[in-house]
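> Sequence:
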Amino acid sequence: MISKADYLANKRDLEESSLKPFLGTAPYVLDSMKVGQQIIYKRNPEYWGTNHPLSIGQNNFDRIRIEYFGDDTAAMEAFKSGIYTFRNENSSKNWATAYDFPNVTSGAVAKVQLPNGAIASGQAFLFNLRREKLQDPRVREAIGLMFNFEWSNQTLFYGLYARINSIWENTQMAAKGPASAAETALLQPLVDEGLLPASILTDEAVMAPVSTPDKAMDRGNLRRASALLDEAGWMVGDDGMRRNAKGETLKLEFLEDSPSFERVINPYVENLRALGVDAALVMVDPAQMSQRSDPPNFDFDIIVGGAINGYEPGSDMKQGYASVTANNSTRNRAGVANPAVDRLLDVIEAAKTREELDVATQALDRVLRSTRFWVPQWYKNTHTVAYYDQYAHPEALPPYALGELSFWWFDQAKADKLKAAGVLK
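Counting from 1, one number per residue, gives the positions in the sequence shown under our numbering.
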């Protein structure tokens, strides 16, 4: 909340950078800062909401100090030295290998995994459904079978991640098992009109394939994928490459601008080549990535992207999945254009209760997953945090966030022990 009078009186321009704080109201106010290095907030003694029922148990720190570093290596070393004392770790490699220093071994630094009930990001390999070669769902299913998440997780990510199956993964809106009676009530008319196959009512919700973690290539999934491509008319030639009846080679290009994904995509490419797909990874810079993947060009076969989701889906979902946005939205890069999906989007928008919204979203999730418009990737279902043992938190943490600045508190007795032991100054 900011002051309109302050905004107008100081002729503030949101497009211009400024170090002058806005006049507002909040539990904390700016105490001091060193540009590019540090910022310190202090408790606001005049905060109107201190005794409000919603504030009870929150905003427990007198001061909050945030340190900035030029790169993560410097930040990690600073944490080891006690320059700052709380670290939310986002690197699976760091989590597995960087926390072997003495203060962790002695227990002075706590290294813990706490439950993360937040919705998964929807991160996935997205197909460009506008491409003729990718319009057959059997082809897309076959390509998805060649991504070995279990091997990637064990070999590259130290086992830290879980597989995404649903667009609304980790929520009550994820479709599970066969369609419920409530889902069926929404799906049956679409089946009757020929917009969906009858199997959508009885089949289990589509789940990501499971692969062996011991080898990058899962032979069982290779056989399944090969059968699907044969069925779709992409046969293996004398050179080992797959071609259709026109003699066209099944070529597949992964377009990517992040070097961190090379180690993930390259084994995937090798698996696809073993299947007879002429697959390749093409690295571009961010400007080229935007030019090629954004409307109106959509010049790609597969990119890494995010399937749009949210806790309260509504009209915004049309940006990601409606036929009218298939060729003009950066949120619908996959080019989803399906009349059954359009109808379910309308049902979501019209939902009047939480129950109606959940059921409609489950139905949409079920249908979208059945189209195999994506190859879902991974998410982290725990918070991985390390901190000097001078903090405490409620036994029941917020379901959707760690809440370290809101619900945790400073334990002076623990801090004194750390100082007495020479761990902190």
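A few of these clues could be false.
Below are the BS3-like pairs computed for lysine-lysine, each with C-alpha atoms no more than 25 Å apart in a straight line [unchecked claim]:
#1 LYS246 to LYS133
#2 LYS93 to LYS80
#3 LYS20 to LYS42
#4 LYS425 to LYS20
#5 LYS111 to LYS352
Here are the in silico distance ranges between beta carbons for each label pair [claimed, not checked]:
#6 GLN319 to GLY240: 22 to 30 Å
#7 ASP72 to THR50: 33 to 41 Å
#8 GLN154 to ARG273: 19 to 27 Å
#9 GLY310 to ASP31: 31 to 39 Å
#10 GLY403 to TYR158: 19 to 27 Å
#11 SER315 to TYR158: 39 to 47 Å
#12 GLU355 to SER260: 51 to 59 Å
#13 ALA9 to GLU46: 19 to 27 Å
#14 PRO197 to ILE66: 49 to 57 Å
#15 ASP294 to LEU424: 43 to 51 Å
#16 ARG65 to PRO197: 21 to 29 Å
#17 GLY310 to LYS111: 25 to 33 Å
#18 LYS111 to ARG65: 16 to 24 Å
Hint data in this document are derived by calculation from the structure and do not stem from the laboratory.
Each residue gets a CB set at the ideal place from its N, CA and C atoms; glycine is no exception.
> Each hint: holds or not?
So, going through the hints one by one against the coordinates:
1. A C-alpha spacing of about 12 Å is found between LYS246 and LYS133, which places the hinted pair at or below 25 Å, so the restraint holds.
2. As the CA atoms of LYS93 and LYS80 are separated by approximately 16 Å, the hinted pair is consistent with the 25 Å bound.
3. Note on LYS20 and LYS42: the hinted pairing holds, with a Cα-Cα distance of about 16 Å set against a maximum of 25 Å.
4. For the suggested pair LYS425 and LYS20, the alpha carbons sit about 32 Å apart, so the restraint of at most 25 Å is broken.
5. Of the pairs offered as hints, the one joining LYS111 and LYS352 is violated, with about 44 Å between alpha carbons and a cut-off of 25 Å exceeded.
6. The beta-carbon spacing between GLN319 and GLY240, approximately 41 Å, falls outside the hinted interval of 22 to 30 Å.
7. The supplied range of 33 to 41 Å is met by ASP72 and THR50, whose beta-carbon atoms lie about 36 Å from each other.
8. A hinted range of 19 to 27 Å holds for the C-beta pair GLN154 and ARG273, which are about 22 Å apart.
9. Take GLY310 and ASP31: their Cβ atoms lie about 35 Å apart, and the range 31 to 39 Å holds.
10. For GLY403 paired with TYR158, a C-beta distance near 26 Å keeps the hint of 19 to 27 Å intact.
11. The hint said 39 to 47 Å for the Cβ distance between SER315 and TYR158, and at roughly 40 Å that hint holds.
12. The hinted range of 51 to 59 Å is not satisfied by GLU355 and SER260, whose Cβ atoms lie roughly 41 Å apart.
13. Checked against the given bound of 19 to 27 Å, the beta carbons of ALA9 and GLU46, roughly 20 Å apart, stay inside it.
14. Remark: the range hint 49 to 57 Å for PRO197 to ILE66 is upheld by a beta-carbon distance near 53 Å.
15. For ASP294 and LEU424, the Cβ-Cβ distance of about 49 Å falls inside the hinted range of 43 to 51 Å, so the restraint holds.
16. At roughly 58 Å, the beta-carbon separation of ARG65 and PRO197 lies outside the given 21 to 29 Å, and the hint is violated.
17. Between GLY310 and LYS111 the C-beta distance comes to about 32 Å, which sits within the given range of 25 to 33 Å.
18. For the hinted restraint 16 to 24 Å between LYS111 and ARG65, the CB-CB distance of approximately 21 Å keeps it satisfied.
Hints 4, 5, 6, 12, 16 from the earlier list are contradicted by this structure; the remaining hints agree with it.
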